[in-house]
Amino acid sequence: MRARVYVTLKPGVHDPAGKAVQGGLSSMGYAEVQGVRIGKFFEIELDDAALEPRARLEEMCRKLLANTVIESYRVELL
Amino acid sequence: MRARVYVTLKPGVHDPAGKAVQGGLSSMGYAEVQGVRIGKFFEIELDDAALEPRARLEEMCRKLLANTVIESYRVELL
Amino acid sequence: MTPGTETTITDEIVQQHGLSPDEYQRILKVLGREPNLVELGVFSVMWSEHCSYKSSRIHLGRLPTTGPRVLIGPGENAGVVDLGHGYAACFKMESHNHPSYIEPYQGAATGVGGIMRDVFTMGARPIALMDSLRFGRLDHPKTRGLVRGIVGGIAGYGNCMGVPTVAGETRFDRSYDGNCLVNAFCCGIVASDRIFLGTTGNVGNKVFYVGAGTGRDGIHGATMASTEFGEGSDEKRPTVQVGDPFQEKLLLEACLELMQGTAIIGIQDMGAAGLTSSSVEMAGRGGRGLLLRLDQVPMRETGMVPYELLLSESQERMLIVIEPGREQEVFDVFRKWDLSVAEIGEVTGDGVWRCTWHGDEVAAIGVAVLTDAAPKYDRPQAAPAPHPALPEIFDTDPFARLASILADPDISDKQWIWRQYDHQVGTDTVVAPGADAALVRIKGTQKHLGFVVDCNGRHVYLDPFVGTAGQVAECARNLACVGATPIGLSDCMNFGNPQKPEIMWQFARSVDGMAEACRALDIPVISGNVSLYNETDGVGILPTPGLAMVGLYEGPTPTIRGRFRSGLDVILLGAPGHGWLGGSVYARQMGLDRHGSPPPVDYTAEAALHRALRRLVAEGVIVTAHDLSDGGLLVALAECCLDVVGGRFDAELNAGALYGEDHGRAIVAFEPGNRDRVLAALMGVPYRDLGATGGDVLAVGGRELPIAAVQAAWGGAFEGWLGGAGSARA
Amino acid sequence: MSRVGVVTFPGSNCDADLRHAVSLFGMTPVAIWHKETALPPVDAVLLPGGFSYGDYLRCGAIARFSPVMADVVRFAGRGGPVLGICNGFQILTECGLLPGVLLRNEGLLFQCRDVELTVGGAPTPFTRGLAGQTLRLPIAHAEGNWFADEETVARVEGEGQVVFRYVANPNGALMSIAGVSNPAHNVVGLMPHPERYVEGAVGGTDGGGVFRSLAASIGPTQLRAEGANA
Ligand SMILES: Nc1ncnc2c1ncn2[C@@H]1O[C@H](COP(=O)(O)OP(=O)(O)O)[C@@H](O)[C@H]1O
Ligand SMILES: [Mg+2]
Chain A
1 MRARVYVTLK PGVHDPAGKA VQGGLSSMGY AEVQGVRIGK FFEIELDDAA
51 LEPRARLEEM CRKLLANTVI ESYRVELL
Chain B
1001 MRARVYVTLK PGVHDPAGKA VQGGLSSMGY AEVQGVRIGK FFEIELDDAA
1051 LEPRARLEEM CRKLLANTVI ESYRVELL
Chain C
2001 MTPGTETTIT DEIVQQHGLS PDEYQRILKV LGREPNLVEL GVFSVMWSEH
2051 CSYKSSRIHL GRLPTTGPRV LIGPGENAGV VDLGHGYAAC FKMESHNHPS
2101 YIEPYQGAAT GVGGIMRDVF TMGARPIALM DSLRFGRLDH PKTRGLVRGI
2151 VGGIAGYGNC MGVPTVAGET RFDRSYDGNC LVNAFCCGIV ASDRIFLGTT
2201 GNVGNKVFYV GAGTGRDGIH GATMASTEFG EGSDEKRPTV QVGDPFQEKL
2251 LLEACLELMQ GTAIIGIQDM GAAGLTSSSV EMAGRGGRGL LLRLDQVPMR
2301 ETGMVPYELL LSESQERMLI VIEPGREQEV FDVFRKWDLS VAEIGEVTGD
2351 GVWRCTWHGD EVAAIGVAVL TDAAPKYDRP QAAPAPHPAL PEIFDTDPFA
2401 RLASILADPD ISDKQWIWRQ YDHQVGTDTV VAPGADAALV RIKGTQKHLG
2451 FVVDCNGRHV YLDPFVGTAG QVAECARNLA CVGATPIGLS DCMNFGNPQK
2501 PEIMWQFARS VDGMAEACRA LDIPVISGNV SLYNETDGVG ILPTPGLAMV
2551 GLYEGPTPTI RGRFRSGLDV ILLGAPGHGW LGGSVYARQM GLDRHGSPPP
2601 VDYTAEAALH RALRRLVAEG VIVTAHDLSD GGLLVALAEC CLDVVGGRFD
2651 AELNAGALYG EDHGRAIVAF EPGNRDRVLA ALMGVPYRDL GATGGDVLAV
2701 GGRELPIAAV QAAWGGAFEG WLGGAGSARA
Chain D
3001 MSRVGVVTFP GSNCDADLRH AVSLFGMTPV AIWHKETALP PVDAVLLPGG
3051 FSYGDYLRCG AIARFSPVMA DVVRFAGRGG PVLGICNGFQ ILTECGLLPG
3101 VLLRNEGLLF QCRDVELTVG GAPTPFTRGL AGQTLRLPIA HAEGNWFADE
3151 ETVARVEGEG QVVFRYVANP NGALMSIAGV SNPAHNVVGL MPHPERYVEG
3201 AVGGTDGGGV FRSLAASIGP TQLRAEGANA
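One line per chain: the protein sequences are A, B, C and D, in this order. Position 48 of the first sequence, counting from 1, maps to 48 under our numbering, and the rest follow consecutively. Heads up: take any position in the second sequence, counting from 1, add 1000, and you land on our numbering. Heads up: take any position in the third sequence, counting from 1, add 2000, and you land on our numbering. Heads up: take any position in the fourth sequence, counting from 1, add 3000, and you land on our numbering.
Simulated from the structure, these hints should not be mistaken for lab results. Be aware that a few hints might be false.
[To be verified] Listed below are the simulated DSSO-like cross-link pairs for lysine-lysine, each with C-alpha atoms no more than 27 Å apart in a straight line:
#: 1; chain 1: B; residue 1: K1040; chain 2: B; residue 2: K1010
#: 2; chain 1: A; residue 1: K19; chain 2: C; residue 2: K2414
#: 3; chain 1: A; residue 1: K63; chain 2: C; residue 2: K2206
#: 4; chain 1: C; residue 1: K2206; chain 2: C; residue 2: K2414
#: 5; chain 1: A; residue 1: K10; chain 2: A; residue 2: K40
#: 6; chain 1: B; residue 1: K1063; chain 2: A; residue 2: K40
#: 7; chain 1: B; residue 1: K1063; chain 2: A; residue 2: K63
[As the list claims (entries may be wrong)] Pulled from the structure, derived: some chain D residues nowhere near chain A, Cβ distances all over 10 Å:
#: 8; residue: M3001
#: 9; residue: R3003
#: 10; residue: S3023
#: 11; residue: R3058
#: 12; residue: R3074
#: 13; residue: I3218
Only a predicted model underlies this, so the values are computations on that prediction, with no experimental measurement involved. The beta-carbon is built from N, C-alpha and C at its ideal position, and this holds for glycine as well.
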């Protein structure tokens, strides 16, 4: 069983790397880019017999994969 | 107009971060996790009048957003 | 059927493995049969330039490699020099040029990782790193990205390992446009009676694999480094290895922990050509055979086959040989550090290197066939056509060029680079980057090690013998400026295609120049590395014999610095010089950098100068010492001033006097009250009064420049060019 | 003599430096492996700099689940002095003992250089007698950009939890915050490295105050001379 977890910075949290990418793109001539924010995602391979995978994954997000002070997460089962 | 660009390590390329997270999860008791690979995504705000956004975004990926030596990318227009 | 044993070897397959038809015939002869595909792969890496030194070996033998302090010279993973009181320094420099050009961040990172493994394999805890970098022109489209990626990779790996990067050098030249150089140096400290070697001991000893699992990284990496770049080299890209400094940090600590005990008979890192070359080298040194059960190798990916396992260059792995019965100690330590550990084979008595896969034999080759029988070439040499003479330069106002010379990419401030390196971790860095040489203390002793890495490729290009000899002198001079006496040298010979007689000539002459200077100055060469085929589409790099020198200073930590402060007298030590401009920064700014000849070296005068400098530092009678090299007298004075303090100095206002790069000179500054003690310490070395520090202008021969302008020219150039957003890639 | 625990996580690399500094100030350093489930008897716990678990996910995120951390949290709850330096600070924010998070530096690059810091007035065991002083200490980090939501910032400022503040902001940290404490002031974290500047021969001596303060806070000690070459 596979799952994907997306972790994004909450609105209002500073994203220096996103800003740098945006600056880089605009200096390369991509004037149409008006904003960039960077997130990360996890491709997780789960044991097929895993119980309550969604609940467990959300727990992993709260505990480790996301820092809920600044990040929000979304779990997708494939 | 918004787009999302996903950047993933190519299959076979070592993912030290994914391995560290997998190790962390398993020592926290999530025995069902058998593999973790980490990717990143860019949420990109584009000018509504942007021309050929997909082609331009793919160009941005090749030039900056992805390191095509070890990463592959996927563009999604929202 | 066992993968890799049934393929018929065709000419095409031989060629894809980078072996010439002659070399394949040699394989048939020494093996007495056709190799299978696995064995062919093994030959291709073992006989590659990178592993076999087939073009360079006969020349390296001319280097002086012994001395009263040398405990281990070239031939092991790194050389070892005795420091006294039970301490020894273990060091080596190595290139990672081609991988860094293809993937700058990972290429440079894994270069740093590799050189650290060479050092801790010997039982030494790494205490210092250096890096020597070469890039193309600033306005070349690839240069900026290469600088960012390579510096980022070195920082990423070295910082995570907790080893300070204390010195380095960075130069730019059009010849590196398509072939950057990344040379990494590491030094460790080891107890002189606890040095570990890559050997096998007795028949029946067990072979252990420890560290990270094996993936498909960098297969053919060793062959790649031995082939000229050109059209189509992009196809080799998937061979890039990704470094994992975290795993290596664990591997370092685990190895050093196991080394506290007596279980280890031999230990060898897996570097270029991975499992193959590490196991063959061990068997070779031990004079034994080896059996490897490849199916027991920890794997990171599924479906891997023997060919891949043998040729993979996955990082952060080691082979360990132990006596039977000590297995549990190995398991305990590596499991404590959460690392893979597996028993994969044993030492045999038949001198054959043998691999099996689930019980079936997939390779069986005599160890000597892979090592001693490797081809050795005495490639033809030819001196190139003489370089054009340096024309007389008519410059009505040479002083006015100071700002542009300070902003020259080879001269200007490289803080942008070394601020990204943790240069303090370990809390022993006495003299940090930015000085002539770094100085690192060894806690609990009065010993301090000086570190410098240097190469002036313009000088070497103009005359490989004299140019290389001059670099040896300059390295020793740099060490003397922090009070250290040279105890050993590690070199990294970066040259073009050795199949071209002019390149082979450059190489041989450079080796001879190094050998002469090392003999004259009494400095043994204890380790090194050769990187050939550094060219793109037929254009070779400047010959670049990177030299990393280590010096020893014993005594209370010195307070010497490279900057002036107010109220000091300044003198120039050494002969005044001839105003030698051949190969100088000044000549380059005039577009004449491939003209003339480099400055000659006077070993006797040089040695006397170094003795005097060391004594001045040890006696604590000088505040500042700085040697004269790139940019000559005026640049040296400007560098001592920067934004700290100005000064008024005497000098003739002609280009040779201001910017000549004659060897054998240094400036020192001292409190006027110490003059007598300073002069007494010179022991006959000639000197000349230059002037005194103070004020906020740099005044020379009646001309002047505000020190703010000196700082702006020197300090702003490099960072300004790199300006803009940081790299999006981490 | 006072015993000061220094935890080693996988990837810690300033642990030996920290033990060296502790011993220079007359305290006994006690090395603690992160897999220990209980702290040995110690008077204070220090979390060193480095790259625990490679800093791969977020700095300090995985280390926070090391077995020993549960007892560190209990120790802090009992009022025991806990100091996190650099990566140690990141671990303390990840496990919630300290407010805020440490984001990537504004300039994105790792920075190793000296900064000037002013010391706040809170009565922490690590800053006794230092309030109001300006210290020159080195930073060495890529993720030292302290961030918190407005409410947290207001609380941290209001309760006097700002222990160190940069004179010139090197990394984009909110309110130039370089180090904070918990509300009880017994847990402190900072990005700069006081343990690196405790000897005159190597960098400087401005970090010495932190260790002298700790020594004074946890018991009688015989201070060894500082500034001398070990
Ligand atoms: N230019 C050189 N001068 C002196 N010794 C050298 C030189 N090049 C290589 N060596 C020595 O040859 C041996 C093999 O080098 P290398 O293949 O780079 O080692 P490794 O396989 O450990 O990476 C080492 O002991 C090295 O010190
Ligand atoms: Mg080696």
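If any of the earlier hints don't hold here, list their numbers in rising order. As far as the earlier hints go, 3, 4, 7, 11 are violated by this structure, in ascending order.
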